[in-house]
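Under the working numbering, think of the first position of the sequence shown as 38, with each following residue one higher.
Since the hints were derived computationally from the structure, they do not count as laboratory data.
Backbone N, C-alpha and C define an ideal beta-carbon position, used for all residues, glycine too.
It is possible that some hints are incorrect.
Unchecked claim - Dumping the calculated SDA-like pairs for lysine to any residue here, alpha-carbon to alpha-carbon at most 20 Å: (1) K260 with P91; (2) K277 with A134; (3) K92 with A144; (4) K54 with G76; (5) K54 with V259; (6) K92 with R282; (7) K92 with V283; (8) K54 with E378; (9) K340 with S65; (10) K54 with Q336; (11) K292 with G76; (12) K54 with P234; (13) K247 with G76; (14) K92 with R176; (15) K340 with L55; (16) K292 with Q336; (17) K54 with R282; (18) K277 with P295; (19) K54 with P105; (20) K54 with E305; (21) K92 with S286; (22) K92 with R291; (23) K277 with L90; (24) K278 with S65; (25) K260 with E245; (26) K247 with V259; (27) K292 with R255; (28) K92 with K260; (29) K277 with P105; (30) K247 with P105; (31) K54 with A88; (32) K260 with A298; (33) K54 with T77; (34) K292 with P105.
Unchecked claim - Label-pair ranges, simulated between beta-carbon atoms: (35) A134 with R233: 27 to 35 Å; (36) E378 with V48: 45 to 53 Å; (37) D317 with S65: 14 to 22 Å.
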Amino acid sequence: MSLTFPFSAIVGQDDMKLAIMLTAIDPSIGGVLVFGDRGTGKSTAVRALAALLPKMRAVVGCQYGCDPDNAKCPDCLANAVAKSKTGRSSKNSHLVAVPVVDLPLGATEDRVVGALDLERALSQGVKAFEPGLLARANRGYLYIDEVNLLEDHLVDLLIDVAASGENVVEREGLSVRHPARFVLIGSGNPEEGELRPQLLDRFGLSVEVKTPDTLAQRVEVVKRRDAFEQGPQAFTDLWKKEDDRVRRSIVAARKRLPDVAIPDEAREFAAQLCMSLGTDGLRGDLTLVRAARAEAALQGASKVAQTHLVRVAPSALRHRLRRNPLDDSGSSTRVERALAELTAPKPEALNN
């Protein structure tokens, strides 16, 4: 089994690492869009985080890796009926790694959503479903490199599945519904094309990554990567303690999350920020609050404070801004400017 580059050993890219950690704490935040230069550790960070997460419990024999406490897919329901007739427990489960599935740009629709199992159809005369990439990604991560170059029909498909958390396949006499809840991670270079607004809005967080611009960082990146390639096990062991610390912090944050309070003033601050930026709809408000709650849980706080909202606001809102022809500032700058205006002391407060 090949080893994954340790998450803690990734140099810099703090915003990207925080964003995917927050989605690991609360998947309802949505996916993460990572735009920036090639070779900046985008796919490495996703695989590294998934590798350090605790293994998840899944139903034995389920093609979709269902949670045994909430198993409602066709496989699990059929197995439950069969086992109830024999008197055996229907709770057989085992531990599996959190999946990270790549969706290549050239993938066919059948490869993505699943299709008729032709081998069984021809050899046994049985209509059976062969799951696709969406089934494999259930409860894990679906990673799309160059997501802005994805074909339109696959974009439409992903929008539907991301909204419902369920994949519906109706073809060749098959009618199958199965769970497909995953964290969508997309990466790309904005110079190579824009992302369709409908899909862009489905990403909960957006981060911008850049090539390290200091000599020390560039040297450290090359040094660590070379050390990993020369001795993967030794390098992994060297960073095991730090990765274990990150794992414990994520697990603790997951447990703490339901008890993190969201005061009305936090919701009001989020709404004011979104209004000042002119974001469409309320998805920005919801995502901002959810991300801030996950950040508060990660920091061990009992309630969401303004500092948590400020920390995650650029990631939650930068990709939701309308273009302003009179303002050529980048989206991150516009968010930071709005935050500065909201958090600045009021004139009356200065006079008291």
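Problem set entry | Satisfaction of the hinted span 27 to 35 Å by the C-beta atoms belonging to A134 and R233 | holds (32 Å)
Problem set entry | Holds or violated: K260 to A298, with C-alpha atoms at most 20 Å apart | violated (43 Å)
For this session: Given the hint that K54 pairs with G76, test it: the Cα-Cα distance must not exceed 20 Å.
Result: holds (15 Å)
Problem set entry | Given pair status - L55, K340, alpha carbons within 20 Å | holds (19 Å)
For this session: Assess, step by step, whether the Cα of K54 is no farther than 20 Å from the Cα of P234, and give holds or violated.
Result: violated (24 Å)
For this session: Confirm or reject the claim that D317 and S65 have a C-beta distance inside 14 to 22 Å.
Result: holds (20 Å)
Exercise. Given the proposed pairing of K278 with S65, does the C-alpha separation stay at or below 20 Å?
Worked result: violated (29 Å)
Problem set entry | Agreement of K54 and A88 with the hint, judged by alpha carbon distance not exceeding 20 Å | holds (14 Å)
For this session: Starting from K54, check that the Cα of V259 is at most 20 Å away, please.
Result: Holds - the C-alpha atoms of V259 and K54 are around 19 Å apart, at most 20 Å.
For this session: Take a quick look at whether K92 and R291 sit within 20 Å of each other, Cα to Cα.
Result: Answer holds: K92 to R291 is near 14 Å, not above 20 Å.
Exercise. Is the hinted pair K247 and G76 satisfied, with a Cα-Cα distance of at most 20 Å?
Worked result: holds (9 Å)
Exercise. For the pair E378 and V48, does the Cβ-Cβ distance stay inside 45 to 53 Å?
Worked result: For V48 against E378, whose Cβ atoms are near 34 Å apart, the range 45 to 53 Å is violated.
Hint check: violations occur at hints 1, 3, 8, 11, 12, 18, 19, 20, 24, 25, 27, 28, 29, 30, 32, 36; the rest are consistent with the structure.
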